[in-house]
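For this one, chain W is given, so just place chain V on it according to the hints.
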Amino acid sequence: MSLSGKAAIAGIGATEFSKESGRSELQLAAEACLAAIKDAGLTPSDVDGLVTYTADANSEIAVQRELGIPALRFFSRVDYGGGAACGTVAHAAMAVATGQANAVLCYRAFNERSGHRFGQAAPSGRVDATGLEFSWHLPFGFATPAAWVAMQARRYMHDYGATSEDFGRVAVAMRRHAATNPAAWFHGRPITLEEHQASRWIVDPLHLLDCCQESDGGVAVLVTSLDRARDLPNRPAVITAAAQGTGPDQMMMFGYYTGELSALPAMATVGDTLWAQSGLSPDDVQTAILYDHFTPFVLVQLEELGFCGRGQAKDYIKDGGIELGGRLPVNPNGGQLGEAYIHGMNGIAEAVRQVRGAAVNQVPDVRNVLVTAGTGVPTSGLVLSAPE
Amino acid sequence: MALAGRLAAAGERPPLPCPDPVNAAMIRNWTQALGDTGTWDDVAPPAMIQVWSMPGLVRRPDQKGAADQVLGMLDAAGYTGIVATNCDQTYDRCVKVGEQLSTRMRFGGVTGPKRTAMGEGYFVTWYQSWYDENDERVAEMLFRVLKFRPGKRPPAASTGGRYPLRPAVGKDTAFFWDGVNAGELRIQRCADCGTLRHPPGPMCPHCHSLNRDHVVASGRGVVHSYVVHHHPPVPGRTPPYAVAVVELEEGVRIVGNVNGCPPDQVRVGMPVRLVFERMDDELVLPQWTPADAPPPAPPSPPAATAVAEPASGGLEIELTPTFIISTAIATRDFMPVHHDPAQARAQGSKDIFVNILTSIGLVQRYALETVRDATPESIEVRLGAPAYAGDTLTLTGDRVDDRTLRVRGAVSLGDHLTATVRFKEAR
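Protein chains in written order, with the numbering used here: chain W, 103 to 490; chain V, 26 to 452.
What the hints contain is simulated information worked out from the structure, not anything from laboratory work.
Quantities reported herein were computed from a predicted structural model and do not represent experimental measurements.
A couple of the hints might just be wrong.
EDC-like mimics (lysine to aspartate or glutamate), calculated; alpha carbons at most 16 Å apart, straight line [as the list claims (entries may be wrong)]:
{"id": "1", "chain 1": "V", "residue 1": "Lys449", "chain 2": "V", "residue 2": "Asp398"}
{"id": "2", "chain 1": "V", "residue 1": "Lys449", "chain 2": "V", "residue 2": "Asp117"}
{"id": "3", "chain 1": "V", "residue 1": "Lys121", "chain 2": "V", "residue 2": "Asp157"}
{"id": "4", "chain 1": "V", "residue 1": "Lys196", "chain 2": "W", "residue 2": "Glu235"}
{"id": "5", "chain 1": "V", "residue 1": "Lys139", "chain 2": "V", "residue 2": "Glu124"}
{"id": "6", "chain 1": "V", "residue 1": "Lys196", "chain 2": "W", "residue 2": "Glu162"}
So that you can see chain W by itself, here it is in the shape it has in the complex (with noise of 0.2 Å):
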């Protein structure tokens, strides 16, 4: 048995994206639930089933009593942070294609710019397995996201000549899209290359342009079996393709110790399995979502999704490929860099609305849209179709 067209997500919630909240997580979290809940034209007690990430401080216990459900019959945590994304969405569809839930919530809810950075250094380790991973790497100032990234995105610029402009190049994209997106930070605010270069340093290779925003925000999205979802108000988001995966050696965020440092080998897991379940390959995609927290990945997952070969990326995206009108449009909702952090969960939702059609920048004739989520880590991802 296969899990493609057994389930679909039948609604979509958020907050605002702001800078600071000025609420709970808990609150992001159940106002973004319940709105995903309305969107499906159902009530919590409808809800059956809660999914987050183990990053989430929101337990799904907490979450249900917000929200009056009276029983849970599944939840599950997704760790590895940002590389939960589409995996919570992979864990409600199994569960509803098994019977085991009927209506499953997934949701990401923090204040990630008010409240705990994760740009930020973390000085600690504990003596458990990811705490003995970043102890190679912390006490040598290795300490952020964007340092760990920019170690593979070096070695991708030599390994294959890529430069700092094709990096931009999708700052520009994501900005340029942003900029049309009212519910976006970057609303209105689109960048060039130049003011892209001319941005400081924040680890060399990456100037602050490449990496993305921080924010306030919350989203979720409502699972349920693609039966109900065709008797739901929204035109259903078919799961035509859900997928999990790590590679050789996997670490969280350190994949220089096996293989090349310029390849997701995690990605290409996801790809793999994500082709081969929907029996679609790169071509039958008409927009994708690609988790762009720093902007070298996006070059990387473009190669290992098969859109294009190894090296050529930087080819593939100039002239506006990955912008709206380009062979494949990445990101519409402007992705992390421009619309909002909210840890890929935004995407998923932006996905959603390209196969319902009714999204702010919509691409037109979408089919199948491919979501990808956190890249270095272990990851996720989904197709999500128009129903036949």
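This is chain V only, laid out in the frame that chain W set:
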């Protein structure tokens, strides 16, 4: 700095007579304390030159340093830290027992502010020359110090502050950190199939053996990739600094900082060699420095290969308290940090440490034991990590050409000194 300009323009200060004539007793004390077995007879070892003008325990009021005023200004401006960085001596001729020398100081210059590992600071340079009774110069010395403003976040090497970025150490990784503390970079090896692995773990992923031991890395590697951290601030670190993935010649990769060159000069493919950096009283980190940074890497660090021997022979000196104190006194250096552990600790040092006059004397001793029957023309010393009591100073060398020897003096904290010795042309 207007003052600096005035001082530089003033030229040499009036000469001061050295306290004692060149004499056999001081030469004997000096050679015995430093372990120098050379035959000097009535000639003084060239590297002793500064000893003749040292004031002794009681400084005369007229003995002022050429840079005292600038150093005082920097103190007042908050640049209160001081560390010697360079000592270059040039010898016009050997001096003989009985000669009465005089000395003159000359302010050299001040450059800065510069960002350094210690904090923002100014390099202050002065010169000292020695003259014989005919007012002929017999030797000259350049001396440079860094006057630095101790940072809000104290530099990692300074004691007192605990370095905040500490590794978690578990059962499976303790051997690695034990090795670092012992001056070894250990790579886990499967005791059954021999596969090397870093970072280490309890089970060999290839043959699933739980039996493991380790090899000691040679310390040679190549930068596989690197970054330069600028932002955000990281506790315990002063940006910008370079972090690299280093591919060791044994085939595994490891992450560390590249020190010893400006971060923007690090390159993919750059050969690097291992150095150990002491972060505080407890933590030592394995770090990297360009392989071609002077001096060239010695043939092999200790213990890397059991049979390895430095090509020119190494000189190992146990830094006992007796050695440190007797050499300090034999060089007429009565600074308490060289003989009083409590005073040394009060000034932020771990223990008493070898003084600079001894370091330069040891470079000469090593050079003359390595290149027999030569006469030094100049010794340029670049100073690094302190050589504390209880440590071992290992001097190794590398012949650059007939007249040039590069010397490296290593302690457990890294390089105590790197030096270039030039010899006079053989007659």
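Hint check:
no.: 1; hint: Lys449/V - Asp398/V; verdict: holds (11 Å)
no.: 2; hint: Lys449/V - Asp117/V; verdict: holds (10 Å)
no.: 3; hint: Lys121/V - Asp157/V; verdict: holds (10 Å)
no.: 4; hint: Lys196/V - Glu235/W; verdict: holds (14 Å)
no.: 5; hint: Lys139/V - Glu124/V; verdict: violated (42 Å)
no.: 6; hint: Lys196/V - Glu162/W; verdict: violated (34 Å)
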